[in-house]
Amino acid sequence: GENVEQHPSTLSVQEGDSAVIKCTYSDSASNYFPWYKQELGKRPQLIIDIRSNVGEKKDQRIAVTLNKTAKHFSLHITETQPEDSAVYFCAAIKAAGNKLTFGGGTRVLVKP
Amino acid sequence: GAVVSQHPSWVICKSGTSVKIECRSLDFQATTMFWYRQFPKQSLMLMATSNEGSKATYEQGVEKDKFLINHASLTLSTLTVTSAHPEDSSFYICSARELAGGVYEQYFGPGTRLTVT
Numbered sequence: 232g233e234n235v236e237q238h239p240s241t242l243s244v245q246e247g248d249s250a251v252i253k254c255t256y257s258d259s260a261s262n263y264f265p266w267y268k269q270e271l272g273k274r275p276q277l278i279i280d281i282r283s284n285v286g287e288k289k290d291q292r293i294a295v296t297l298n299k300t301a302k303h304f305s306l307h308i309t310e311t312q313p314e315d316s317a318v319y320f321c322a323a324i325k326a327a328g329n330k331l332t333f334g335g336g337t338r339v340l341v342k343p
Numbered sequence: 167g168a169v170v171s172q173h174p175s176w177v178i179c180k181s182g183t184s185v186k187i188e189c190r191s192l193d194f195q196a197t198t199m200f201w202y203r204q205f206p207k208q209s210l211m212l213m214a215t216s217n218e219g220s221k222a223t224y225e226q227g228v229e230k231d232k233f234l235i236n237h238a239s240l241t242l243s244t245l246t247v248t249s250a251h252p253e254d255s256s257f258y259i260c261s262a263r264e265l266a267g268g269v270y271e272q273y274f275g276p277g278t279r280l281t282v283t
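Protein sequence lines correspond, in order, to chains A and B. Under our numbering, think of the first position of the first sequence as 232, with each following residue one higher. Under our numbering, think of the first position of the second sequence as 167, with each following residue one higher.
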């Protein structure tokens, strides 16, 4: 089955700096890669996703890159703000598959 | 995006009792729903896949007789934790899958915090 690894497990940045979270996956058939943000005690919220036919996608301060050859994808948050503090999860799934496989999560702390 | 609700949001029960958690897709029909368990500071662990009108598919190590799943309609799946024990205390989150743009996207419920005393 699919295995998704996520690094780092914790990330502390100064407000205004950039944050980068990296994930690797094992199943080359995976072709949809969502990123979720989870605040304490709340549900995971989809913040951005990327499909395998695209190498990069950007939405305001958030961007995701995908390298299918190397089987890794990354989340980039620029100009971080305190409200970006949360746990971020990457995930992978095959379009024809049935279930998301999550990474272990990254706890991001943005210091004002 | 699509909305998924979950009820109750938190519950406290005594050891040995059963607890039922409901998951509803409010504005779309979901033939497939998923149940996750999340321990503090850990990732989401898939427990089972709930398919409307058929038996749930459980992940390895998850006791199907303890965690009963019923997906009786296209908008409702229930998880019943039977004979609950303190080690079952956790945050339970459901999600529902919607086909969008040729890809299934998953939306999560707000979660249910279960405490077994």
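Just so you know, these hints were derived from the structure itself, not from any lab. Just so you know, even glycine gets a beta-carbon here, dropped at the ideal spot from N, CA and C. Possibly wrong hints are sitting among the right ones.
[To be verified] Derived DSS-like pairs: lysine-lysine, alpha-carbon spacing no greater than 25 Å straight-line:
# : chain 1 : residue 1 : chain 2 : residue 2
1 : B       : K221      : A       : K325
2 : A       : K342      : A       : K253
3 : B       : K186      : A       : K273
4 : A       : K253      : B       : K207
5 : B       : K180      : B       : K221
6 : A       : K342      : B       : K207
7 : A       : K273      : B       : K221
[What the hints assert, rightly or not] Cβ-Cβ distance ranges computed for the label pairs, FRET-style:
#  : chain 1 : residue 1 : chain 2 : residue 2 : range
8  : A       : S243      : B       : S239      : 40 to 48 Å
9  : B       : E188      : A       : K288      : 17 to 25 Å
10 : A       : S257      : B       : G268      : 47 to 55 Å
11 : B       : G182      : A       : E236      : 33 to 41 Å
12 : A       : E236      : B       : E188      : 27 to 35 Å
13 : B       : Q195      : A       : V285      : 37 to 45 Å
14 : A       : G335      : B       : S175      : 19 to 27 Å
15 : A       : Q276      : B       : H173      : 15 to 23 Å
16 : B       : A238      : A       : T300      : 43 to 51 Å
17 : B       : T197      : A       : S249      : 14 to 22 Å
[Claimed, not checked] One side of the interface only, derived from the structure: several residues of chain B facing chain A at Cβ under 8 Å:
#  : residue
18 : V185
19 : P252
20 : Q272
21 : F274
Checklist entry - What hints, given by number in increasing order, does this structure fail? => result 5, 7, 9, 10, 13, 17, 18, 19
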